[in-house]
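Below, each chain spelled out in residue letters.
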Amino acid sequence: AQSVSQHNHHVILSEAASLELGCNYSYGGTVNLFWYVQYPGQHLQLLLKYFSGDPLVKGIKGFEAEFIKSKFSFNLRKPSVQWSDTAEYFCAVSRSGNTGFQKLVFGTGTRLLVSP
Amino acid sequence: NAGVTQTPKFQVLKTGQSMTLQCAQDMNHNSMYWYRQDPGMGLRLIYYSASEGTTDKGEVPNGYNVSRLNKREFSLRLESAAPSQTSVYFCASRTNSNTGELFFGEGSRLTVL
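Top line first, the protein sequences correspond to chains A and B.
Residues 1 to 116, numbered by the numbering used here, are exactly what the first sequence covers, in order.
Residues 1 to 113, numbered by the numbering used here, are exactly what the second sequence covers, in order.
Extracted from the complex, chain B is given alone in its bound form (with noise of 0.2 Å):
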């Protein structure tokens, strides 16, 4: 079971490029979320899907789009990068209970020079 997948691992873009974080899950989750993680400011949820054709805004989602492409998939896409946007992004899945933990991927580090 490979669980949560984030690609890719690293990337470096300069400010104004774009760029898509793709995330895949294989457990069969409803809910998915893009995190960010910032020293000092712990993870802060960029937007989440409840359900397959659904998203919503989370507590910082200026400069980002997401797209939940079908149950297993939830991407995350920056238009245009700014070094704001510097971080390292989690994407996480669990079943709509809410006792169900989050399961997270292994994140990706982008750095916008």
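Same shape as in the complex, but just chain A (with noise of 0.2 Å):
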């Protein structure tokens, strides 16, 4: 079965500090890889997603990630943090191809605590 890891539980910066946050997956096939973004007391939401093409990916609020496949990695970066971005982020990965359904797996998640 496929997993995925994000080795960074809880990460503090300050303002104007850059971001990467690590996902690595368990899959060797080919999959589809997505970063959430959960705000304090909200649902999650999608920040970016990668399922083919150019493995730099940017999303939503200035994210962009990078699919590395020989590392099985699919980490997050943020060149400059906000207060705004304190907020729990989950990687997750699905399997890809037409091998029918296939359900989404994250994370444990790490939460971003970002001081003023």
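Errors might be hidden in some of the hints.
With a Cα cut of at most 25 Å, we get these calculated PhoX-like pairs of lysine-lysine [to be verified]:
1) B:K71 / B:K57
2) B:K71 / A:K103
3) A:K49 / A:K71
4) A:K58 / A:K103
5) B:K57 / A:K103
6) A:K49 / A:K103
I should point out that these hints are in silico values taken from the structure, not numbers from a laboratory.
Fit chain to chain and form the complex, with the hints in mind.
Structure, rendered in structure tokens:
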């Protein structure tokens, strides 16, 4: 079964610092990759997704992620964080291809706290 | 567009009581999901329904049952609640496309005493 690892459970940054959150998955086949964000008290929202093409994906609010197939990774980055980026971030993976329905598996999340 | 609607938003139960969490989506999505979210454990899939008329177990199905009532509605039932089921429950839906994003409801916070 596929699994998703997010090694940073808690990250604390000052405003304007750069952010990189790690995500690794264990499935060896073709995958679709997602980053979701959950702001305090809210439900999860999609930040960005990758399923084919350019491995550098740009999402909303200045976030981007790079798919590195050889490393089974899909790290999330932002050059300069803001206080409003304080949230919990989830990486998720599903298998792709014409193999029928595939469920989405989530990592355990990374809590980001940005201090003003 | 309401998206994904869950009820109730908050519920307190005593051990052994039963309850049903309701979920409805108005986006004509084929697949629907129930997740639970616990501190340090992220989101874990309880049950999912790939299409109307089908349901399948996820990672943590024990103690739960589901019903895909029609294309719009997917309910989660706790027959005999236990303190270990204290959690925040999220319903989600998406198209059948594996590249499609999940759309989440606002969550239901359940406390079992």
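task: Quick one: which hint numbers does this structure break? Sort them smallest to largest.
output: Result: no hint breaks.
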